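Undergrad: Sequence:
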Amino acid sequence: LVYPYYLVSTFEMSSTMDVEKLSLPKLDEEIKNLAQGKEVDTLFHIYEHLLTSPLGEENTNVTQWTGFTVDDQTFALSKPTDTVDPIYGDPVTQKLILGAQVSNGKVNHEDPAISGEGLKIKMLNGKEINLVKKDGKLMANDMPVKNVFSSANATIFVLEYFLFVSDSDICEGIDRIQKKEGVVHTPWGSHPYEEK
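No gaps in the numbering here: position 133 of the sequence shown is 373 in our numbering, and each next residue is one more.
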């Protein structure tokens, strides 16, 4: 399987990663509504799915946040078409994606630091994104930013590809779902899951 990822780094999951909750900032309805019009609403579907799982919780004390995500088309290209979908069906994959795409605090895309050395933003997974202008283009860890939009409490940076999420992360999510269901789904049919 080949997925359209720009592999910068993979998010390493420890055995405790599966049971620890990801504390997400309060979901901002204004930015969610803006995202729908810009075809960037998959992030919010994942956000809502994770909040209904045992691996996510909403921190209502954190009302401002920043997202570094991809558009709906890029999300669609990353989803397997011939098997289960871990982006919607696996809370561990959802937690990994949101941990890599969300940070507490609202970033102003016109912050003067971006034009200089860059502005370092710590994501919920602990990784850093350096937001900087290079040759007049806004970049996040050398990844071009395609679009930026903001509400009173949130800013979304739309990237060309994922940061900190790899195709192996998606494949591991597929494996978790198939193991849980006890069935492997392929284009040629389904068969019982066998431990690797």
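Since the hints were derived computationally from the structure, they do not count as laboratory data. Since we're looking at a predicted model, the values are computed, not measured. A hint or two may mislead.
Unchecked claim - Within a straight-line C-alpha distance of at most 25 Å, the following computed BS3-like cross-link-like pairs (lysine-lysine) qualify:
hint: 1; residue 1: K346; residue 2: K319
hint: 2; residue 1: K360; residue 2: K319
hint: 3; residue 1: K367; residue 2: K386
hint: 4; residue 1: K278; residue 2: K319
As the list claims (entries may be wrong) - FRET-style restraints, in silico, Cβ to Cβ:
hint: 5; residue 1: F389; residue 2: K360; range: 32 to 40 Å
hint: 6; residue 1: S293; residue 2: K373; range: 14 to 22 Å
hint: 7; residue 1: K374; residue 2: P294; range: 27 to 35 Å
hint: 8; residue 1: K360; residue 2: E270; range: 39 to 47 Å
hint: 9; residue 1: K373; residue 2: E434; range: 45 to 53 Å
hint: 10; residue 1: S263; residue 2: G429; range: 37 to 45 Å
hint: 11; residue 1: P352; residue 2: Y433; range: 51 to 59 Å
hint: 12; residue 1: E350; residue 2: E270; range: 33 to 41 Å
hint: 13; residue 1: E260; residue 2: E435; range: 23 to 31 Å
Yeah, the Cβ is synthetic: ideal placement off N, Cα and C, and Gly gets one too.
Undergrad: Run every hint past the structure and note whether it holds.
TA: Okay, the hints, checked on the actual structure:
no. : hint                       : verdict
1   : K346 with K319             : violated, 29 Å
2   : K360 with K319             : violated, 30 Å
3   : K367 with K386             : holds, 21 Å
4   : K278 with K319             : holds, 20 Å
5   : F389 with K360: 32 to 40 Å : violated, 22 Å
6   : S293 with K373: 14 to 22 Å : violated, 37 Å
7   : K374 with P294: 27 to 35 Å : violated, 41 Å
8   : K360 with E270: 39 to 47 Å : violated, 26 Å
9   : K373 with E434: 45 to 53 Å : holds, 51 Å
10  : S263 with G429: 37 to 45 Å : holds, 41 Å
11  : P352 with Y433: 51 to 59 Å : holds, 54 Å
12  : E350 with E270: 33 to 41 Å : violated, 19 Å
13  : E260 with E435: 23 to 31 Å : holds, 25 Å
Hints 1, 2, 5, 6, 7, 8, 12 from the earlier list are contradicted by this structure; the remaining hints agree with it.
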